[in-house]
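Peer 1: Taken in order, these protein sequences are the chains called A and B. First residue of the first sequence: 1126, per my numbering; consecutive thereafter. First residue of the second sequence: 107, per my numbering; consecutive thereafter.
Please note that the accuracy of each hint is not assured.
Calculated pairs, DMTMM-like style, for lysine to aspartate or glutamate (alpha carbon to alpha carbon, straight line, at most 25 Å) [to be verified]:
(1) K1369(A) <-> E1423(A)
(2) K110(B) <-> E1423(A)
(3) K110(B) <-> E1335(A)
(4) K1410(A) <-> E1400(A)
Hints are computed from structural coordinates only; laboratory data are not their basis. These numbers were taken from a predicted model, which means no experiment stands behind them.
The lines below spell out each chain.
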Amino acid sequence: MTDVSIRTEDLGKRYSIGERPYRTLREALSESVRVPWRRRATRGSGDGNGEDKIWALRDVSFEVQEGEVVGIVGDNGAGKSTLLKILSRITEPTEGSATIWGRSGSLLEVGTGFHGELTGRENIFLNGSILGMRRDEIRRKFDEIVEFAEIGKFLDTPVKHYSSGMYVRLAFAVAAHVNLDVMMVDEVLAVGDAGFQRKCLGRMDAAASEGRTVFLVSHNMTAVNQLCTRALWMNHGHVQLDGKPQDVVAAYLKHGGSESGEATWSSSDSAPGSELVRFEAIRVKSRGEIMSQPRIDEEITIEVDFSLLRDGGERLAVNVYVLDSYGNTVLSSANIPGASAIPDPWFGEPHDAGLYRSGCTFPANLLNDNQYHVTVHLVRTDDAHVEATATQAVSFTVFDTGRMLEGARAGAEWHGAVRPMLAWRTEALGAAREGALAETRSGPSSHHPITRA
Amino acid sequence: MTAKPRVEIRPTRGAVALDLPELWAAREILMILVWRDVTIRYKQTVLGALWAVLQPLLMMLVFSVFLGLLAKVPSDGLPYPLFVFCGLVPWVFFAAVLTLGSQSLVQNEDLLTKVYFPRVLIPTASVLASVVDLGFALLILAGMMIFYGHPPGVEALLLPLGLALLFGYALAAVFWLSALNVRYRDVRYTTVFLTQLLFYLSPVVYPSTLVPEAYRALYGLNPFAGVVEIFRAVLLGSSYDLGLIAASVGVAVIGLATGWLYFRRTERSFADVI
């Protein structure tokens, strides 16, 4: 039997908008002289549904059992962070209550309280104790933390001299060794390079298996899917859906994630273009809908709307570039017949002024579960002159359903910018050749395509 | 199985009681914050902790020349350098605490918005961090007392009374100013001005006996006047005015109580408005 770890009842948080975060004394003084009764009145009234108040969170009730890993998904401003901050006791609810059983702490950023002038060693103690570790606990885990952080001889160097990678590694190492019953985690996984992110995901996985309760806010749907035992979708301050991560994530993605999946230019001034041609919109679509987080096993279409502004038979080509989050070009394509699976009859023909839509479709299971950016060029075919450029106009994140990991170890990760499904076949060729054993031993065994996080 | 700690989160209303168990549980964080502030203060300085004693010594030199020697400000019959240094030792501490303490919450914004522990630890740590400097300054003062032939007597055992008033006043000021500063950034400018004003309102460079006797209790409404009065009385054997000291203690106690209440009332919104 498990115990309840977190229980919230009708939790709500109201913020005042319009009011500047901090005022000058003069304003406050003159205000309290002019309307001494008004403040009291608004404080007293129960609802206070004034125009300048918004509920960031309202009527949120749920129960979390010990050992559950709950992922919170939702758009920016949906109340995820507010919920996390209330449960971390950083901010107070306006109404309702929450109860937490066990030692709880929050990891809302990596390296809270880190000070540049202090050495790595000193920051371990400072950060650890701020995150809720006792001094003897830090001392006991000190070597482990240093080893995890891989900072070695820089232990007694002020962290301001660290590279950003070392800084993040040290900060995460401390956070990863905080041993609390209930942990609130916000986007901590969004730091560092891909390799380090994998390491962090591994730690989260371990935390869960040790029976700790983890409350995780993330924009990384793959992480939510793989790590969490349950997910909450927050929408406009309410819990929209509470259930299995796969179901919740799918419902959330269908509704449209935080990336819009579409770039439009409302005015002709802001739209990239020339006197000849101008961009109108660029969209990422999957299953016929605009989608910022298309599934890995569905076709993805990039759709480009543009206006040709001059009559007289211009010939244009549309070039599409897909870049990874580091800006490397993963692939490029154009609607020239020789490079198309299905030739585009529009290409090579002269066209008059008008609005045109060009689209190219990527097969399912081509891109990996990363974030990608789309750059589009409109090129005059006669002299290869680039007329219009929309640089990284839309972004999308390929969402991994997890099917390609069936049969692989838990927490495994695919390397590479692309992830096609290839034909595989292995045959038995008879008896082993002599000396074959020695040959395989010397092979590059470390380059496995799949690694455990 | 041991019972797990339970935390209730709900809107607080009205005055908030002192949560002593929680403060006790957080003592290690207080220590580490004090240690951090002390460590950082003199990092990458050439003279390091020497600044703690250089500052009051240089001030003493200037005041001794211009006020003691040239302006002939009275000094209760004591050598002027010794007289003024006895006032400067608590003053330098107090001025540093006002400056650092009033900024403490704003400067620790990342702690306020990212992690929970009793917020009152932050301004308290900023006061405690200056205690080390005060200790050094007191040692120099003891050396000067011996040099000028006024070694500390048994009355010096009463110094903790003066220190208690000093810490009480410092905490009161820091609770008020740091909490106000979260919402009203005017405080930073006000504090500079306030510090100068309090300096001249306190008997640091002149004796309190210059103030007519009838007005001494009124004069004591600035608790720092009481601090210097006690310091000079117990260390240098100067005469003292009980009315002045009583007024100072009264204001400090009221200031500490209201400062605490104001801090606890406003801390719930620190993370939202900072």
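Peer 1: State for each hint whether it applies.
Peer 2: Verification of the hints:
no. : hint                  : result
1   : K1369(A) <-> E1423(A) : holds, 22 Å
2   : K110(B) <-> E1423(A)  : violated, 47 Å
3   : K110(B) <-> E1335(A)  : holds, 17 Å
4   : K1410(A) <-> E1400(A) : violated, 29 Å
Going down the numbered hints, you'll see the structure goes against 2, 4, while the others check out.
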